[in-house]
Amino acid sequence: MKSFLKLKKNWFALLSILIAAAASWGVSLQFRQMLAREKLFPAPSLTQVLHLHDYHPALKGTHGDTKIYRFEGKEPGGKVLLLGGTHPNEPAGYMSAYLMIENVQVARGTLYIIPRANNSAFTHTDPQEGNPQFFTIRGKKGLRKFRYGSRDTNPIDQWPDPDIYLHYPSGQELAGNETRNLNRNYPGRPDGTFTEQVAYAIVKFIQSEKIDLAFDLHEASPEYPVVNAIVSSESSQDIATEAALELAFEDLHYSLEPSPYNFRGLSHREWENYTDALPILMETANPIQGRLRGKTDARLILTGWDKMYLKAAKLGVLSVPYDSSGLPLKVRVGRHIEAFQKIVEIFSRDHPDKAVRILNLPSYSELMEKGIEEFF
Amino acid sequence: MLTIIYRIIVLFFVVLLLYDVFKEKKKTLQLTAAISLIPFVLRLLMIK
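Which chain is which? The protein sequence lines are A and B, in order. Just so we're aligned, residue 1 is where the first sequence starts under the working numbering, counting upward by one. Just so we're aligned, residue 1001 is where the second sequence starts under the working numbering, counting upward by one.
In isolation and in its complexed conformation, chain A is listed as follows (with noise of 0.2 Å):
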């Protein structure tokens, strides 16, 4: 009876209570949508599913752990890796590499995908930007919806941050939250942080299998000096500067940029110091990742069109050309595509033993005209 009269007391007490728990449950539903990953439909010249535990045990069962997809020809060549999703918040690297999932037939050597590289980094959304959660493409097989992610590892795997974040093993000083950039990280160990595990599990991936030519697609803001461009380095700029020269010849216009000796963590760069592939990394211009832009939401990851960065193009202070047209997606999806094949083509021209053939995959102007929805 005590009891009873203390609930009745209490009622309003237990009604909030209520009303907290049922808007937890709400908001954890929203966040918990985030973890889930988009459905994809493989080609199905698909060899087979691995997983970055396979290279680092530590990761299984853990955010950091994610797929590789492995493409294998008929007739033995060359290793070749594509990594997207490093960092989720740039949607053409693996919308390049989700496409390519999707439609790619390899008919000489390996083709790897890993289109998640930062699977943690896709299950959080940065704070304070005012990002989409999600943007949708109505494609062939439907309506189809991918998540727009983080730079950075989420914090639900790896915090606190420090003040100064010690790249290992240069010991090179960085920004604190520099320690969750999986570009940042390579080429992590064993038993450190989440990220650099993650990193190391790359490192390890290229080295057990023997990658050939490796590449990371990345977007920057327009405003941004490196957009458009293709890193490479000591190892890897002959082949770049070649591919530059005929993409210049498609009138795709790509600014070379050296991989720095003295800016560690970056795949570029560790993959050159720590494994044979010969590294590339690629980057298009984003404006929702740039901050001039004005209203920020799923259009704007599609369309690219933002009116003050059309302002900012007429004042000359864009490292791109923009004009009214906007940066579709399928702009910066097809310049990834038609790069990566033409550095695969050349690579496979210099070490005929180790050629790789890739068929299937569209070129930048079937692109353009058909729309990154005829591949989806």
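It is possible that some hints are incorrect.
With a cut-off of at most 25 Å between alpha-carbon atoms, the simulated SDA-like pairs for lysine to any residue come out as follows [to be verified]:
1. B/1048 <-> A/24
2. B/1023 <-> A/79
3. A/79 <-> A/103
4. A/311 <-> A/168
Note that these hints are calculated values from the structure, not bench results.
Fit chain B to the supplied structure of chain A, relying on the hints for placement.
Below, chain B without anything else, positioned relative to chain A:
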């Protein structure tokens, strides 16, 4: 290890806030304490 300590601290605040919800006399303060629980619960369960 650090995460376990962190979650224990979060749990401590959850208990304090729950206590507050029942002990506060004003309804607005009870509701405020209950709403304050939301981020702590999400953190405790490592959802956010």
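Evaluation of the provided hints:
1. B/1048 <-> A/24: 11 Å, holds
2. B/1023 <-> A/79: 67 Å, violated
3. A/79 <-> A/103: The given pair, whose Cα atoms are some 18 Å apart, holds under the 25 Å limit.
4. A/311 <-> A/168: 42 Å, violated
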